[in-house]
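Asker: Residue numbers (the numbering used here), protein chains in the order written: chain B, 1 to 49; chain W, 1 to 630.
Wrong hints could be hidden among the right ones.
As the list claims (entries may be wrong) - Just the calculated beta-carbon pair ranges, DEER-fashion:
#  : chain 1 : residue 1 : chain 2 : residue 2 : range
1  : W       : E109      : B       : G20       : 43 to 53 angstroms
2  : B       : G20       : W       : S247      : 27 to 37 angstroms
3  : W       : T492      : B       : G20       : 51 to 61 angstroms
4  : B       : G20       : W       : V428      : 44 to 54 angstroms
5  : W       : L253      : B       : G20       : 16 to 26 angstroms
6  : W       : E519      : B       : N41       : 36 to 46 angstroms
7  : B       : V16       : W       : V272      : 45 to 55 angstroms
8  : B       : V16       : W       : V428      : 20 to 30 angstroms
9  : W       : W243      : B       : N41       : 26 to 36 angstroms
10 : B       : N41       : W       : K372      : 16 to 26 angstroms
The set of hints was computed from the structure by calculation and includes no laboratory data.
Each residue gets a CB set at the ideal place from its N, CA and C atoms; glycine is no exception.
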Amino acid sequence: MQMGMIPGCIVEAAHVAPAGDPTVYRVDGTEIALRRETTLNITVLDVPR
Amino acid sequence: MCPGKSMESCHPSSATVSPIINPAGHKLVALIGPPNTGKSTFFNRLTGLRQKVANYPGVTVERHIGTARVDLTREVTLIDLPGVYSLEPRSEDEQVTHDVLHGKMPDLEKPDAILLILDSTSLARHLMLAAPVLSLGIPTLVILNMSDDLERRGGAVDAEALALKLGAPVVLASAVHGSGVEAVRQFLAKTIPQPERIELPVLNNMPSCRRWSGELAAGSGFNQPAPPEWTYRLDRIVLHPVWGPLSFLLVVLAVFQSIFTFAKPLMEMVQVSIQTSGQWIATLMPESWYRDLLVEGVWGGVGSVIVFLPQILILFAFIAALEDSGYLARAAVIADRTMAKVGLQGKSFIPLLSGYACAIPAILSTRTIENKRDRIATILVTPLMTCSARLPVYTMLIAAFIPDRPLLGPLFGTRAAMMLGLYVLGFVAAATTARLLKSTIFKSEKTPFLIELPPYRAPRLSSILYRLLDRAKVFLKRASTTILFTMVLLWTLAHLPLQNGVAPAMEQSYAGQLGKLIEPAIAPMGFNWKTGVGLISSLAAREVIVGTLGTIYGIQGDQDDLGLQRALQQDLNMASAVALLIFFAFALQCISTIAVVRRETASWKWPILQFLYMGVLAYVCSWLAYIALR
Numbered sequence: 001m002q003m004g005m006i007p008g009c010i011v012e013a014a015h016v017a018p019a020g021d022p023t024v025y026r027v028d029g030t031e032i033a034l035r036r037e038t039t040l041n042i043t044v045l046d047v048p049r
Numbered sequence: 001m002c003p004g005k006s007m008e009s010c011h012p013s014s015a016t017v018s019p020i021i022n023p024a025g026h027k028l029v030a031l032i033g034p035p036n037t038g039k040s041t042f043f044n045r046l047t048g049l050r051q052k053v054a055n056y057p058g059v060t061v062e063r064h065i066g067t068a069r070v071d072l073t074r075e076v077t078l079i080d081l082p083g084v085y086s087l088e089p090r091s092e093d094e095q096v097t098h099d100v101l102h103g104k105m106p107d108l109e110k111p112d113a114i115l116l117i118l119d120s121t122s123l124a125r126h127l128m129l130a131a132p133v134l135s136l137g138i139p140t141l142v143i144l145n146m147s148d149d150l151e152r153r154g155g156a157v158d159a160e161a162l163a164l165k166l167g168a169p170v171v172l173a174s175a176v177h178g179s180g181v182e183a184v185r186q187f188l189a190k191t192i193p194q195p196e197r198i199e200l201p202v203l204n205n206m207p208s209c210r211r212w213s214g215e216l217a218a219g220s221g222f223n224q225p226a227p228p229e230w231t232y233r234l235d236r237i238v239l240h241p242v243w244g245p246l247s248f249l250l251v252v253l254a255v256f257q258s259i260f261t262f263a264k265p266l267m268e269m270v271q272v273s274i275q276t277s278g279q280w281i282a283t284l285m286p287e288s289w290y291r292d293l294l295v296e297g298v299w300g301g302v303g304s305v306i307v308f309l310p311q312i313l314i315l316f317a318f319i320a321a322l323e324d325s326g327y328l329a330r331a332a333v334i335a336d337r338t339m340a341k342v343g344l345q346g347k348s349f350i351p352l353l354s355g356y357a358c359a360i361p362a363i364l365s366t367r368t369i370e371n372k373r374d375r376i377a378t379i380l381v382t383p384l385m386t387c388s389a390r391l392p393v394y395t396m397l398i399a400a401f402i403p404d405r406p407l408l409g410p411l412f413g414t415r416a417a418m419m420l421g422l423y424v425l426g427f428v429a430a431a432t433t434a435r436l437l438k439s440t441i442f443k444s445e446k447t448p449f450l451i452e453l454p455p456y457r458a459p460r461l462s463s464i465l466y467r468l469l470d471r472a473k474v475f476l477k478r479a480s481t482t483i484l485f486t487m488v489l490l491w492t493l494a495h496l497p498l499q500n501g502v503a504p505a506m507e508q509s510y511a512g513q514l515g516k517l518i519e520p521a522i523a524p525m526g527f528n529w530k531t532g533v534g535l536i537s538s539l540a541a542r543e544v545i546v547g548t549l550g551t552i553y554g555i556q557g558d559q560d561d562l563g564l565q566r567a568l569q570q571d572l573n574m575a576s577a578v579a580l581l582i583f584f585a586f587a588l589q590c591i592s593t594i595a596v597v598r599r600e601t602a603s604w605k606w607p608i609l610q611f612l613y614m615g616v617l618a619y620v621c622s623w624l625a626y627i628a629l630r
């Protein structure tokens, strides 16, 4: 959350690691890598670009 | 890696002694900020010290102390702290920052002033830290670092407007280029305009904190910079399913080949100068035991280790370039899947990777791992990674036993391949051990893996050169203490007891007897008593064996490197040489590592367990390799 992943923020998936996990997300002007198991705790809604 | 002041941690004595803090009773100034915002770069600018800086979050894991000059008459004591996202600590490095700020460090008072360093390109988010820091009530200067980056990417911010809204002075700075340093001195000298203090809202939940900081930034003319396009482009290659791993492999192959190719002429130069100076000293002195000690023991023994300095520096130059560019964080992402399979988290990857340089700073860097069990597991497997002290041993044995043939064209040969194989072996052993530990004694809940990927930056030559210089100092310090001491002791043991006033044959000397004593234990691996003496002496530090064998085989200043290789070929064959390589890949022969593991885990249990485990692993694998190849 302190890195900017807070409820209501807009997340963009940028890269997936060659092995399929983790994924690099663009959030709040930075890039954060998260494992799939971690992202399961996050609910995402589709936002039109 | 251990450049800067942290290099002292490469030496056992400073692993236990804490430095005298604030001896002159100066005012204390603390550097606070999120990770990877340039706190240490500022610290180095202000103090003239050379704390390690690199482009990934979590480089600084301890507090570092230095003195900064304010003006002609005044000085302050500056404390560099690990980066934090908030004032609630989650890991041990963040705890350090928390304790210093609240005056809970036993040997350190509460700071008199704070330099809050934020990354100006991420201002809207980083300002979240401003509210809790400013409400500590300590005079604070807010430094918006990397302003050159902000400008280049078309961003902007009005520092004066922000200062009024925060109730604290704000300056734009670029620590790398030195801009903003003067403003920091003015702040410390209390000559900077101080806006009226205002009460900032105390917000307990993250979304409202973020909203507050976003509004604050927007209200201060903050213009979000354009995204770092180059970083995005590079990452499309680096994290690509095919090009990513391929480029990683290419980088690794290039490193290993250059360890051999580029290093060779440099190593020959060092070799020649050591030989020439040894011969010159020999002519200056009368024939006596002390001349022999100096020429054979010190020059021959320590010299044969120093020859490897260029090779180690080339390895470090590569590592420094990778760290400064920001590639390391990407490597952690690529490797995370593998790490997850062995039960470790991605954050363990950076300590493991820096274990390729030296296990000691690598063990210190595990402080960024929040989960205690994960941290100890990482500490226990880190020494299996091939540290640079193994490089001389590997090079010596490979040069003597592996014929040099081109493998992948003329650029990648058999010797480099063998070397790479040993490095991979170390990693496999570390991963397997981690798996074993995590499925038995260190079972734990999966911890979330989070790493922030910094934008790529071009590595700066001066930064790399400084780190090489520091590394060379560490290496020479080791050579002039641990290695020198062991070599003198060994030379003495090899020349006693005197028989009729003369030194005995090597086999009858104390050193020889010691080797004979353990010969039955090491005979199954094809080693004789001479190798045994080498193994015993290498308990102090791995590279000592090179010097020891040099002394045992009577290699003196007048013989060239081939002399030692030929002598080795008489006593070892291919199978036992490989067995010896494997022994060195696994055994924990490093007093400094044992000392630092004991300090970091606060018990003797872990270093003892680690020493025994690695010893047994080394013995068994080395024996199996000998049987298989015989």
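Asker: Hints first: check each against the structure and report whether it holds.
Answerer: Evaluated hints:
1. W:E109 - B:G20: 43 to 53 angstroms: Distance hint for E109 of chain W, G20 of chain B holds at roughly 51 angstroms.
2. B:G20 - W:S247: 27 to 37 angstroms: Hint violated: Cβ distance 18 angstroms, outside 27 to 37 angstroms.
3. W:T492 - B:G20: 51 to 61 angstroms: Since the Cβ atoms of T492 of chain W and G20 of chain B sit about 59 angstroms apart, the hinted range of 51 to 61 angstroms holds.
4. B:G20 - W:V428: 44 to 54 angstroms: Once the Cβ atoms are compared, 22 angstroms apart, the range 44 to 54 angstroms for V428 of chain W and G20 of chain B is violated.
5. W:L253 - B:G20: 16 to 26 angstroms: holds, 25 angstroms
6. W:E519 - B:N41: 36 to 46 angstroms: violated, 60 angstroms
7. B:V16 - W:V272: 45 to 55 angstroms: Once the Cβ atoms are compared, 53 angstroms apart, the range 45 to 55 angstroms for V272 of chain W and V16 of chain B holds.
8. B:V16 - W:V428: 20 to 30 angstroms: Cβ of V16 of chain B to Cβ of V428 of chain W: about 26 angstroms, so the range 20 to 30 angstroms holds.
9. W:W243 - B:N41: 26 to 36 angstroms: holds, 32 angstroms
10. B:N41 - W:K372: 16 to 26 angstroms: The hinted range 16 to 26 angstroms holds for N41 of chain B and K372 of chain W, with Cβ atoms some 22 angstroms apart.
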